[in-house]
Amino acid sequence: MKKRLSVAIAMALTLALVLGAVASCGSGPKMTDKVTVWCWDPNFNVYAMKQAAAVYNKANPGVTIEIVDMAQDIEAKIISGLQANGAGLPDVALFQDFRIEQFLTDYPNAFVDLKAEGVDYSQFAAYKVGPMTVGDKVYGIPFDTGSTGLWLRTDYIQAAGLNPDAYMGKNLTWSEVIELGEQVKAKTGKPLLAYQSDNFDMLRIVVQSTGGQFFKEDGSLNLRSDAFRKSLALFKELNDKGLLYQVVGWSDWINAINSDTSAGFLNAIWMVGSVKSRPENAGKYMVVPTPLIEGVAGAANASNNGGSSWYVFSSSKNKARAVDLLKSVWATATPENLEFYNTILKDAGAMGTFLPSQSGSNYTANDSFFYKGQALSRDFASWMANVPTLKYTPHYVPMRDAVAHATLNYFQGKIATIDDAIAAAEAEYKQVTGN
Amino acid sequence: MKKKATYQRYLNQFGWMCVAPSIVLFCLFMLYPILSSLYYVTRRWKGMTNTFIGLGNFIRMGQDKVFQAALGNNFLFMLFQIPLMVFLALLLAVLLNQGIRRFKGPFRLAIFLPAVTSLVVVSVLFRVLLQENGMLNNVLIKARLIAEPIGWLNDAFWAKVTIVLAMTWRWTGYNMVFFLVGLQSIDPEIYEAAEVDGASKARQFFRITIPLLVPVILFSVVTSTSGTMQLFDEPNILTWQGGPANATMTAALYIYRQAFFVNADFGYATAMSYVVVLISGIFAFIQMRLLGENRKAK
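As they're listed, the protein sequences go chains L and G.
Per our numbering: the first sequence = residues 15 to 449.
Per our numbering: the second sequence = residues 8 to 305.
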């Protein structure tokens with residue numbers, strides 16, 4: 015009797031453990047009408063989706079929209095979930111535009127075709143739709159633009175004995191910018207640009223402004239272009255003339271621009287939130303068009319950095335609701351939705367790429383936070399129209415890392431010439447991708 | 008007699024029942040992944056699709072200089088970090104055991120704290136301190152120890168030094184605890200006898216303390232070796248994804264990036280894991296042999 019009992023207890027324990035392990039993998043039955051969204055920046059895209067959820071909940075009060083800030087390793091978590099056929103994944107996730115082609119290629123059935131769900135893509139900026147299109151299927155809802163400009167501290171320009179108004183709104187060349195930088199450096203001791211030395215963004219901005227491409231049409235690497243060489247040479251010149259204030263890491267870079275270390279930086283409109291987060295910046299910054307490299311055919315005074323879009327996973331248990339949330343708020347031109355786009359532009363610098371939204375009042379309004387009340391959004395929007403398209407391919411990330419590594423080694427003199435730097439980047443790319 | 012046999016059988020059955028849960032979990036979370044890795048390793052994975060390539064992943068490894076350099080970094084960290092840490096841990100243990108009588112508790116806590124603190128949290132602070140014009144460089148320049156700021160995070164050589172120092176900071180206290188226990192288990196009579204024979208303190212340390220601590224030292228070296236072979240946190244967070252320009256890339260970090268970041272190539276990641284496991288095994292075997300021989304000698 016006693017023996018039976020102990021055996022029974024042991025078996026029950028085993029069963030409980032195994033069942034517990036299994037149960038924790040799957041999710042219980044959905045009792046409520048709920049949509050879960052993953053994104054990553056509380057002051058930017060998390061904030062924007064919260065505003066969208068509020069708009070959606072006015073018309074659909076019963077729906078719970080849970081927005082999760084996945085700052086750490088969002089891609090790794092999504093890959094794990096996709097490998098497990100959707101276990102643990104949310105209904106909606108935000109992807110960087112440069113990242114999505116890798117996912118659409120590696121996991122062809124993992125995302126919902128939103129064109130088939132009736133989204134009208136002629137209403138969105140065309141350059142955003144390209145990366146999310148495979149054949150006649152279109153998978154995402156475009157979110158924000160990464161239209162770039164050269165952010166300059168007018169107080170340092172004045173301290174150098176120059177008049178900021180002479181630069182305002184002007185299409186500058188890089189040689190003019192270097193001249194300005196040298197004067198500012200000589201008088202104030204401040205390097206012109208805060209630069210994140212382990213990051214690819216600034217080089218990408220410059221190369222894209224020349225109309226250059228990192229990849230050929232067939233998807234193979236394309237670093238041996240005139241545009242790329244000239245961009246690298248420009249960076250080396252900026253570096254050697256001491257015009258770059260170098261930091262390592264993103265948060266430290268943000269820190270650098272908000273602690274008077276340098277006279278400006280080169281980046282996108284979504285930096286508005288970070289600049290405004292420091293009250294002392296008020297009245298000091300102006301943004302001029304992205305400078306131009308002379309002598310490259312097809313170069314423009316405009317470029318792009320970043321930008322992301324919303325996607326619905328096929329594994330979603332509440333697919334129809336998730337699609338409806340994206341479609342009815344982000345892709346429909348009702349007065350409430352346009353006001354929503356207008357709000358996130360003002361509060362977070364999130365400039366949507368839904369074309370009808372660009373008639374909102376904040377697109378043309380003066381912004382008193384900036385030097386002489388510059389109408390920042392209007393300027394960025396006008397530059398956006400001239401941004402040359404950049405081809406990403408599924409291997410953008412290994413290319414980005416390889417080029418960033420070669421650039422740093424070239425800066426530090428570990429690589430002697432531009433040709434060697436290009437060869438080093440090509441070699442690392444080949445090794446990491448195995449292609 | 009017969010009754011005893013049934014009782015024995017009952018004990019056996021009961022024993023099996025008791026270990027059944029852990030066996031089931033072991034099979035599910037250890038055995039199954041290990042067996043399935045045999046399948047993974049022969050294939051090139053690309054998300055949901057994969058193709059058979061036989062030994063292709065190992066051939067690719069032979070050409071992959073990034074992976075080879077990453078393994079080289081593992082060895083380099085091992086070579087410099089483990090001796091430094093063992094020396095410091097031993098020193099601190101002896102100090103705590105003899106020198107410092109007051110504030111022993113708080114002192115021990117302060118030294119052990121880094122081992123149980125989350126590196127993710129601490130690295131935010133570390134990164135601020137270690138920037139080119141961060142506090143550390145400023146202090147060193149003011150003290151006239153250096154003329155130019157050091158690129159703790161930005162220079163290939165100094166970033167490696169940073170990793171070694173960060174690992175030492177984190178694990179010295181942890182290993183010190185083992186040494187402390189080892190020291191306390193040494194019979195004081197041995198020291199008394201040595202003193203009667205006129206042995207100096209230094210001689211006592213090198214002739215008594217160190218030889219008697221050899222098993223503990225070896226234990227600490229073996230666990231640190233396998234820990235360093237799996238080094239991931241410091242290069243991922245502190246020097247940011249193995250930077251600058253892969254200078255602090257380690258095997259574990261590269262494997263993770265191949266599987267979950269750059270390529271979703273689980274086959275290649277598995278093949279590299281095999282190599283890391285093999286190397287760790289060889290190191291452990293050599294060190295165990297040394298430990299065994301040492302025991303025989305006594």
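Derived by calculation from the structure, the hints in this document are not laboratory data.
A couple of the hints might just be wrong.
What the hints assert, rightly or not - Derived lysine-lysine pairs resembling DSS-like cross-links, with alpha carbons at most 27 Å apart:
1. Lys151(L) to Lys53(G)
2. Lys111(G) to Lys11(G)
3. Lys428(L) to Lys72(G)
Structure-based check of each hint:
1. Lys151(L) to Lys53(G): It holds: about 21 Å lies between the C-alpha atoms, which stays within 27 Å.
2. Lys111(G) to Lys11(G): Judged against 27 Å, a Cα distance of about 55 Å means the pair is violated.
3. Lys428(L) to Lys72(G): The hint holds at about 17 Å.
Hint 2 from the earlier list is the only one contradicted by this structure; the remaining hints agree with it.
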